[in-house]
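Going down the list, the protein sequences come from chains A and B.
Following our numbering, the numbering of the first sequence begins with 1 at its first residue and continues without gaps.
Following our numbering, the numbering of the second sequence begins with 1 at its first residue and continues without gaps.
No lab work stands behind these hints, which were simulated from the structure alone.
C-beta atoms are modelled at their ideal positions from N, C-alpha and C, and glycine is treated no differently.
Heads up, a few of these hints could be off.
If you anchor each label on the Cβ, the simulated ranges turn out as follows [stated by the list, open to error]:
hint	chain 1	residue 1	chain 2	residue 2	range
1	A	GLY200	B	ASP355	53 to 61 Å
2	B	ALA244	A	GLU21	36 to 44 Å
3	B	GLY203	A	PRO121	49 to 57 Å
4	B	ASP355	A	ALA311	31 to 39 Å
5	B	ASP407	A	ALA233	51 to 59 Å
6	B	ASP368	A	ARG276	54 to 62 Å
7	B	PRO130	A	GLU362	22 to 30 Å
Calculated Cβ distances over 10 Å to all of chain A for the following chain B residues [what the hints assert, rightly or not]:
hint	residue
8	ALA36
9	ASP56
10	ALA120
11	LEU151
12	GLY153
13	GLU274
14	ASP305
15	ASP355
Lysine to any residue pairs mimicking SDA-like chemistry, simulated, CA-CA at most 25 Å apart [stated by the list, open to error]:
hint	chain 1	residue 1	chain 2	residue 2
16	B	LYS4	A	LYS215
17	B	LYS4	A	ARG4
18	A	LYS215	B	ASP132
19	B	LYS4	A	ARG173
20	A	LYS215	B	LEU131
21	A	LYS398	A	LYS215
22	A	LYS215	B	PRO130
Given next are the chains, with one letter for each unit.
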Amino acid sequence: MRRRIVVTGVGPITSVGIGREACWAGLLAGRCGTGPVQSFDTGRHGANRGGEISDFAPPADLAGFGRASQFAVLASRLALEDARLDRDAIDPQRAAVVLGTTSGEPQFIEQFNDAEVASPPGNTGSELAFSYPCHLMATRVAADAGGWAFSLTIPTACAAGNYAIGHALDLLRSNRADIALAGGADAFSRITYTGFARLGAIAPERCQPFDRERKGMVPGEGANMIVLEPLDAALARGARIYAEVAGYGLSCDAYHMTGGHPEGLGAARAMEAALRDSRMTPGDISYISAHGTGTPTNDRVETAAVKRVFADRAYAIPVSSVKSMIGHTMGAASAIEAAVCALAVADDRIPPTCHLENPDPECDLDYVPNHARELRVTTAMNNAYAFGGNNASVIFRKVEP
Amino acid sequence: MAGKAVITGAGIVSSLGDAPAAVHRALCEGRRGIRAFADGAALAAGVGAAADVAYDLQPHFAARNVRPLDRTARLATAAAGLALSDSGLPMPSFPRDDVGLVLGTMFGSVRTIADFDRRAITAGPQYVSPLDFANTVINAAAGQVAIWYGLRGVNSTIAGGHAGAYAIAHAADLVELGAASALLAGGAEELCAAAAAAFSRAGVLCDGNGDATPRPVPFGSQRHGFVLGEGAGFVVVEHADSAAQRRAQVRAHILGHATVCSGRAGRATADGEEIARAISLALDAAGVTPEEVDCISASANGSVDGDTAEARGLLGALGARASTVPVTAIKGMLGECLAASGSLQVICMLESMRDGVLPGVPDFQPADDGATLAGLSARPRQVDPRRGLVVAAWNGTCTAVVLRAADRS
């Protein structure tokens, strides 16, 4: 009998709200957190929309960290508070941090380049060796949480949040740890923005997943960490349980670095692996949080992959993408969407896909257009796909009292 | 469940060559892969030498187009292919949904990311290459290797200086959990001038005065820093049952492992506490006592404080056995290859298990810091390594892996 693992805290940091209550209210209300990019000049990018978190004020004690680490540490503090954990009761030797990210702290590379091309060249120091490497992000979270003795960063791009949650699930199931913070963080980055702009993938105005007129994604930033602990421990301390993490699945397209497999075979294999690991069948899933970036290709292929796995039942499952509101937060995206799934399961409400106005014959599922929905959500599947063909699906399940 | 993962193949690309047996022989002869490193940016920061991979990798790629692969991905792809061949996995049957990859890297490629950004801020964002953007993600090498060989199973990337060893440990867990039939696992790290310059400015390299012939001595009395290297190492990890089913050669069993961090935001403890804990937990998981450890591959690279902490960690975890067990540290010869190091250590341990010789630490003289490991020697030694311990530590994180040699048939 393997240990059952549950979510007892979330700490989302998003452009529609920081912390569980603000973020969840913003997403259910269909608020849009994207707008013109403020943090650098986009005059030559051919795009200017982004999902920056303009009201993020880093706590003073985190001033020396890069922005992504600030997000990650703050998200962890919020999650631990939300879980109402007595930190002194946690054995740091049995506590783990697993963090996903796409870019780590790219600002150190950007600063390095800015210094090198300046006239005269500016000074560069040892930051690339001892501040930049992304494994440090997880170690900072672990130190802040109370000297936790396991920390790991998984840089699997835009599926990294789900990878981190799956990895933490394995650590807890196999009794390597008794509590974990797992999730993802990414800061708005000139490098990332430039790349997506060059691919022609950024929407001119807004992100419209699954809409016939969709024109692309909107790069964003953010973080979420979730608190994971065994069900028996959570029950014993009278914790509020949002959902059980029933299982996860990973796969690789092994097809193309930036474009998914045209028939979504890899995405389908990750969903099937997650169902197997959760000991569920397609008939058990009541909600899907889509990768749903808003690019013409992703949304078409993802729809096909869902149909491949769920067959006719696909039409009966609500599918939504919060990227329509907060943009694509890279390695944080599936971590934030994990909070969405856990809260949907706890709350029996699902956030909408915003800006969905024109039905697309190739995207013909129920995408929960524009308005949140009340619905009994027994289980939720969280899908994430990444550069490198990395696919990850995680399934959440209601814990009946 | 634990202890059911086996290693069925190994592939290496390093400054001392690209065949495990040849690299091991070079290590036992005390040869160093270190040579002058004449990159302008690194040179300006005082870096004089590095253990780079100086030979042409093209023969590993046959006639296929390697242009989409950056250097990290090329190192990884070459080593991964060698490991697959060595394991006898039937190549024509690829692509396969049940074979995947776990890759450890610290940097991915700083060079790729920085060059991409540099072009955007000098020529303009409209002039960057989409191909280069694909490689700016830190999991790019893992994605490229998967495409190259048709690995459709689990594909993950682990970050950090210990990550090559962690990748192998994690792969063992994954095959035991049934998440894959076989996994390539290891690490890849390229030598990057910008990163090398940053290490030099931090004062941790022993060639900080532009010395082109530094001789780093792990655990040695005169040590004053390390030399950076580059390379990639992969092993094929399978469940013992599936390996037996396909009659694969078993090189070693992964008996147990553990990873422990200092909890100090990337800083090691001075007394190697996290290293000692990782070793003790790994031995417990493996069901092996300190007395049963036949030899050790340590992580020491010539760092003044880091090596002392590791020696203390080994002394703390192994007690009396620490004063007798043979220890080697290969980074004085292969350089500090960051995330690749742990996998290179594992592969060299496999070779020691095969031919019964543990490399020495060239120029080693015992340090007088109260943390001396009696099992260190400047010369290679005959050993009978039934059970080998590999320690991979970096920045306050340590992965320890316990291997058992395959039964000789």
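Are there hints from earlier that the structure breaks, and if so, what are their numbers?
-> 2, 3, 4, 5, 10, 11, 12, 13, 16, 21
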